[in-house]
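Novice: One letter stands for each residue in the lines below.
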Amino acid sequence: MKTFIKISLTILACGLCISAMAANRFIIKYKLNEAQISFLSAHSGADEKKAKAQIRAQMMEKISKEKIDALSKAAGVQAEDSHALATGAHVITLSEHLDEKQTEQFISNVKQDNSVEYIEEDKTAKVSSMPAMHHN
Amino acid sequence: MKIFIKISLTILACSLCMSAMAANRFIIKYKPNESQTSFLLEHEGADKKKARAHIRTQMMEGKISNEKRDVLSTASRVRAKHSHSLATGAHVITLSEHLDKKQTEQFISNVKQDNSVEYIVEDKIAKPLSVPTINSTYQWDMVNLGGFAVQLKWSGDNFVNAWNVLNLYGYIPGENVVVAVVDTGYTPHPNFINNLQTLNGQTGIYGYKFIADCRISGECPTDTLDNDAKANSKSRYTPDGIDLGDFLTDEDIKHDFFKNREAKAQNSSWHGSHVTGTVIGSGYSSSNPLYMTGGAYGATSVPVRALGKSGGYDSDIINGMSWAAGLAVLNVDGSPVPVNANPAQVISMSLGGPGSCSAAYQDAIDNVVAEGAVIVVAAGNEKSNVNTSCPANCNNVISVAAKGPTGVLASYSNYGATTITASGGDDTINEPLSEVYSTIWSSLQEYQSTSNGGSGTWGGMDGTSMATPHVSAAVADLIGVFKAQGKTYTSQGIANLLQKTATTYNNCSSYGCATNLALDASAAVSSLLAPAPTASSPSYAWVIAGGAAAVVGTALFYML
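Sequence order for the protein chains is A and B. Anchor point for the first sequence: position 37 equals 540 in our numbering, and the numbering is continuous, going up by one each time. Anchor point for the second sequence: position 126 equals 443 in our numbering, and the numbering is continuous, going up by one each time.
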């Protein structure tokens with residue numbers, strides 16, 4: 504297994520060639536498991552909001568080692584669960600930056616796992632003002 | 318009993334965390350007793366006025382009985398004390414501890430269970446109902462179409478008329494509404510510092526920082542390596558959304574981290590302060606020429622610092638907006654971030670990035686809207702279709718394009734299926750007066766609280782960033798009225814109302830056309846205040862609303 508990762512690293516990852524588009528942060532969310540779906544179905548009335556918050560709290564718990572291993576395999580480098588988001592999604596970081604093509608491949612690989620609801624790059628947003636500014 | 322009160326005090330009352338919403342003064346009136354009721358019935362004729370005065374005097378006399386006071390103490394779980402009586406026969410009572418919003422609601426609910434109580438309400442602080450003046454040289458964005466003395470008769474979003482209409486009906490624009498500004502944070506600018514929401518009652522701390530990388534927040538050197546940044550204790554979410562500056566030098570952008578983020582060298586923008594001033598600026602006066610008046614100057618704002626050097630991660634923005642709405646958020650180390658005790662009803666986001674709406678954003682937006690908040694997002698400045706700018710292209714948000722002072726879609730603004738357009742300035746028209754002017758900080762680099770930190774000043778900027786807080790302010794004004802009227806509202810309903818009351822404008826630039834609707838704040842608030850139309854009683858509110866834009870918005874409604 505280790506050998507596989509090492510080899511993949513040279514194929515997929517881009518350790519020395521950080522391009523302008525290199526990415527090593529992603530947001531991933533897994534689908535609800537059967538028990539969680541049942542729980543929400545049983546609380547679809549007045550308790551719905553509270554029930555959803557409870558499920559989100561469950562989903563904020565750390566990603567399992569098994570899932571992290573699968574992500575590492577899909578990336579060809581080491582993946583790590585950085586932190587959870589309020590939605591129940593997680594920020595994962597990779598030990599190496601992936602270029603644009605590698606990022607697409609990684610996302611495509613991960614999406615083959617049916618338990619994944621979504622995965623996308625953790626991009627950067629910027630202020631929506633024009634660069635020039637006039638002080639008084 | 319004493320023990321009970323002491324224990325409850327730690328559970329219910331809020332002795333160390335006086336929030337802006339904390340209350341310890343209430344007005345209570347008891348119903349007339351049986352003999353007083355009989356007395357009034359016997360004097361229904363010519364003596365009615367005199368009899369009522371007599372009963373009021375009785376009700377004013379003396380203090381509330383010990384028995385009643387004990388009931389109030391039990392209901393509040395702290396000590397209640399009679400302060401003084403009012404001319405109406407009601408009494409002001411004070412509590413030994415401040416109650417937060419939830420505790421206040423519970424206290425009032427408990428007291429109302431006593432059938433002898435006619436009413437109990439919080440003894441609130443009224444603000445003067447005069448409408449502030451605006452900076453007539455620069456604030457074209459706040460005026461209505463063609464009715465302003467500024468050079469060239471530039472037009473804006475009709476806020477001055479909106480304030481006048483609200484004032485006429487006894488409302489303060491945006492009162493009791495919290496607007497979260499998800500941006501670069503706040504500076505202690507005198508124009509809005511008193512209108513910022515303290516963090517759960519902690520004096521001098523406003524909002525929260527949601528930046529999980531210390532290089533972006535400016536709390537570690539820009540050449541810090543990934544692993545060191547990750548291990549740095551500053552790479553966490555922390556209380557207070559103070560803007561430390563988003564400047565980057567030519568040297569800074571050579572480091573891998575910023576090179577990879579395609580960062581450019583710049584001075585600090587103080588962007589969050591500019592946006593905040595447009596929403597809640599307390600008001601211009603000749604003695605305070607640095608002050609600008611915000612569209613919802615009676616609202617409070619909670620600063621959510623999610624943008625720093627080179628912008629901000631989507632993940633941090635998602636957590637920041639979720640927290641603002643009152644949702645549970647975990648810190649980077651997995652510990653809980655204190656829940657925002659004063660959730661925002663409006664979330665103003667003058668930010669974005671290229672790409673389709675991400676699933677992660679839509680997920681967060683849906684949760685936030687389900688909490689009852691309205692999200693307002695800048696359409697972007699790429700001269701492109703708004704469907705290329707995230708999160709403006711997500712569902713359940715109000716996306717805002719920008720127009721300049723001559724009522725034409727701004728040359729830089731994104732277009733397409735935007736929700737609405739508002740004043741964002743246009744640098745192709747008679748610069749710099751055509752920009753939107755608001756509050757900024759004078760320092761070109763970092764904010765330092767102790768020395769050499771600069772001071773509050775004002776400046777002009779262009780962008781859909783600047784248009785967005787105008788819409789956020791109008792939404793706050795609307796929600797203020799809804800809340801005062803005890804009415805419910807939805808995000809979609811407010812978007813529809815803004816569109817229904819909008820004025821039309823020249824919505825095409827040389828790149829494309831936005832939605833043909835521009836914000837008319839006066840028509841929007843007037844639509845909530847006008848009396849129900851009847852064939853025989855035309856609405857005076859309409860006459861007062863005045864302005865071409867206001868008339869266009871809903872005159873047809875009355876004709877129908």
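Read the hints as simulated data drawn from the structure, not as lab findings. Yeah, the Cβ is synthetic: ideal placement off N, Cα and C, and Gly gets one too. Possibly wrong hints are sitting among the right ones.
As the list claims (entries may be wrong) - Simulated restraints, written as ranges between beta carbons of each label pair:
no.	chain 1	residue 1	chain 2	residue 2	range
1	A	D550	B	D387	35 to 41 Å
2	B	G651	A	D616	46 to 52 Å
3	B	G521	A	Q561	35 to 41 Å
4	B	S766	A	D616	46 to 52 Å
5	B	N427	A	P634	53 to 59 Å
6	B	H371	A	D550	50 to 56 Å
7	B	N511	A	G548	48 to 54 Å
8	A	D550	B	E568	54 to 60 Å
9	B	N427	A	Q557	25 to 31 Å
10	A	D550	B	N833	31 to 37 Å
11	A	D550	B	K365	25 to 31 Å
Said to hold, decoys possible - Okay, derived cross-link-like pairs now, DSS-like style, lysine-lysine, Cα gap no bigger than 25 Å in a straight line:
no.	chain 1	residue 1	chain 2	residue 2
12	B	K547	A	K576
13	A	K626	B	K576
14	A	K570	B	K547
15	B	K429	B	K380
16	B	K429	A	K604
17	B	K547	A	K568
Novice: Can you give the numbers of the hints that this structure goes against, from lowest to highest?
Specialist: Hints 2, 7, 10, 11 and 16 contradicted; others consistent.
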